[in-house]
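Chemist: Make one complex out of these two single chains by using the hints.
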Amino acid sequence: GAVVSQHPSWVICKSGTSVKIECRSLDFQATTMFWYRQFPKQSLMLMATSNEGSKATYEQGVEKDKFLINHASLTLSTLTVTSAHPEDSSFYICSPGLAGDHEQFFGPGTRLTVL
Amino acid sequence: RKEVEQDPGPFNVPEGATVAFNCTYSNSASQSFFWYRQDCRKEPKLLMSVYSSGNEDGRFTAQLNRASQYISLLIRDSKLSDSATYLCVVNRGSSYKLIFGSGTRLLVRP
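Chains A and B, in that order, are what the protein sequence lines are. So the mapping is simple: the numbering used here equals the position in the first sequence, first residue as 1, plus 12. So the mapping is simple: the numbering used here equals the position in the second sequence, first residue as 1, plus 1334.
Hints in this document: simulated from the structure, not taken from any laboratory.
Every beta carbon over 10 Å from chain A, so not counted as near; a handful from chain B, in silico:
1. R1335
2. S1362
3. P1444
25 Å max Cα-Cα, derived SDA-like pairs, lysine to any residue:
4. B:K1376 to A:P120
5. A:K53 to B:L1441
6. A:K67 to A:T87
7. B:K1379 to B:Y1404
8. B:K1413 to B:L1380
9. B:K1376 to A:S30
10. A:K78 to A:S17
11. B:K1336 to A:T69
Here chain A is said to cover these stretches of chain B; the calculated rule only asks that three of the stretch's residues, wherever they fall, bring their Cβ under 8 Å from a Cβ of chain A:
12. 1375-1386
13. 1434-1440
In this text, a Cβ means the ideal position worked out from N, Cα and C, and glycines have one as well.
Bound conformation, chain B alone (with noise of 0.2 Å):
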């Protein structure tokens, strides 16, 4: 089992579609957890923490489920600009290492 799973898509919805991504982890001592977005060969970039709470920011809320753990993105009103991959990442118990899902490819179409 991986240690990170993520759906691989594609996602393909319209502009201003509700879209949403789940993502589970197998290390219950995971303590940090993230969504990076990552473009057509670039590097990942942050996009935002997930914390026990929930949070949002802006158009993206992000949701944590540490019974089940369990992840989740969501975004309101897509835009073309939403279109990339999205990477689920947990850290790898209480250590630094970070292990990266392999990503859910959204597509924004017009």
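Next up, chain A with everything else stripped away, as it sits in the complex (with noise of 0.2 Å):
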């Protein structure tokens, strides 16, 4: 399977901070990314899918300049939390998409707490 990394796997911050989450397909070239986001007990939702080079796509319900994804390149994605609030604490996950296959690999997530 594909190998991604999230950096960071975890982090606390306060209220009205930035946060910025990296995701890395360490063996393979992504051009597509998806990002999830998981509340406790509760199922993967999707946020957004983002295509290299291009402007994310996001999910209704899902704020576009809230929830801020960069995919300049092939190997990385980012998504930045902009002004985090307690409400966005939650468990994020990326996911490669691989062109032909619908089978999904996740990153190893990435734990937010917003105090």
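Modeler: Shown next, in the form of structure tokens:
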């Protein structure tokens, strides 16, 4: 399977600060990146889909100005949670999309806690 | 109605038991089906894809019924290490977007 890393693995921040999460595909080039979040005891919910070099497509209900996604290269995508609030506390997971393959592999996730 | 529905459980079974999980999906255009396993505070990991003809991987058997839009996972000879949450996952229509069920929690006791 694909090797994906995320950094940081966990972060605690004060309300109002911005947090950047990096997702790297280590052994292949990801033209597409999916970003998910998972609240406790809930399912993974797709937040947005990004394609390298173009703007991300956000799912309904996800604020694009709050969750900034940059996919500038085929091996790196970033998600920035701007002006984080306690309700943004969640488990954020990236997943590179492999062309022609519906199977997805996931990064190890970033646990965000906003105080 | 949720796009993918699962019984949340928990299923509490003794070691060696056989346990079955079910899942229903609402989009008849879905083409890809998977079972993922998620351990506490970890990312999901692919357990197996589900094919129309049914497929088996060791102690795990997956079945798909397209007419009823129903997917199942059977685990035989349960091990303590099988304790986890099992996620039923379906792609949304013909797209690559995956829709996750909320998961079924399995607890295997000694």
